[in-house]
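Visitor: Could you build the full structure based on these sequences and the hints that come with them?
Protein sequences, first through last, are from chains A and B. The C-terminal position of the first sequence is numbered 112 in this note's numbering, with every residue numbered one higher than the one before it. The C-terminal position of the second sequence is numbered 112 in this note's numbering, with every residue numbered one higher than the one before it.
Note that these hints are calculated values from the structure, not bench results. Any given hint could turn out to be false.
With a cut-off of at most 30 Å between alpha-carbon atoms, the simulated BS3-like pairs for lysine-lysine come out as follows [as the list claims (entries may be wrong)]:
(1) K99/B with K45/B
(2) K79/B with K111/B
(3) K79/A with K42/B
(4) K99/B with K80/A
(5) K2/B with K42/B
(6) K99/B with K2/B
(7) K42/B with K111/B
(8) K45/B with K79/B
(9) K42/B with K99/B
(10) K79/A with K99/B
(11) K45/B with K111/B
(12) K80/A with K42/B
Computed, partial: chain B to chain A, Cβ under 10 Å [said to hold, decoys possible]:
(13) F34
(14) K42
(15) K45
To be clear about the criterion: a stretch of chain A counts as covered by chain B if any three or more of its residues have a C-beta under 8 Å from a C-beta of chain B, and this derived list gives those stretches [claimed, not checked]:
(16) 69-75
(17) 100-111
Glycine residues also receive a C-beta, built at the ideal position from the N, C-alpha and C atoms.
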Amino acid sequence: SQTIHQWPATLVQPVGSPLSLECTVEGTSNPNLYWYRQAAGRGLQLLFYSVGIGQISSEVPQNLSASRPQDRQFILSSKKLLLSDSGFYLCAWRGVGGYGYTFGSGTRLTVV
Amino acid sequence: RKEVEQDPGPFNVPEGATVAFNCTYSNSASQSFFWYRQDCRKEPKLLMSVYSSGNEDGRFTAQLNRASQYISLLIRDSKLSDSATYLCVVNRWGNQGGKLIFGQGTELSVKP
Numbered sequence: 001s002q003t004i005h006q007w008p009a010t011l012v013q014p015v016g017s018p019l020s021l022e023c024t025v026e027g028t029s030n031p032n033l034y035w036y037r038q039a040a041g042r043g044l045q046l047l048f049y050s051v052g053i054g055q056i057s058s059e060v061p062q063n064l065s066a067s068r069p070q071d072r073q074f075i076l077s078s079k080k081l082l083l084s085d086s087g088f089y090l091c092a093w094r095g096v097g098g099y100g101y102t103f104g105s106g107t108r109l110t111v112v
Numbered sequence: 001r002k003e004v005e006q007d008p009g010p011f012n013v014p015e016g017a018t019v020a021f022n023c024t025y026s027n028s029a030s031q032s033f034f035w036y037r038q039d040c041r042k043e044p045k046l047l048m049s050v051y052s053s054g055n056e057d058g059r060f061t062a063q064l065n066r067a068s069q070y071i072s073l074l075i076r077d078s079k080l081s082d083s084a085t086y087l088c089v090v091n092r093w094g095n096q097g098g099k100l101i102f103g104q105g106t107e108l109s110v111k112p
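Guide: Here's what the structure looks like:
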């Protein structure tokens, strides 16, 4: 069966520090992968999505970047965090020809 | 205007009540529709897909009106365990595959 892993679950980082969040999917190949952010009391905002290795589409201009170095690995990064980067970061995947999305358990990031 | 708009919450209802959530979407290119459930500080999980003919899953009934660009979710005989935030979601297809666009969510609190 397919599973999606995100880590870490919780992260507290100082302003100006770098960030790297990793998401991996098991049990499937060539999934579409997505990064969402949910700010406190807000809805989910799509940040990036990827349909294949090295293919990244950005939805909104921001302080973050994404990479897909392997088929089932999706990484969210920042060189210098801002206070406004705080939020709940969720990775999701959809299989080829699939219908719904499955989310990872998320990383709660607090920038201080 | 947000692409997906939901009833503002929270909805506070007694056990056994029937509660209805409404949602509208603005992009007629939206091609598939879902309701997700999100428990506090957890990732969203798919509750049910929404089909043009309407569909039911136990106590939950979803309806879609493409002409009005309107989606609804009805919960009958509410249980305490139904307390959560309900997210209206549309899948908009493009040349890079589909993207899930989320509404802000409506919080439901079922009281004894």
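Visitor: Checking each numbered hint in turn, tell me which of them this model violates, lowest number first.
Guide: 16
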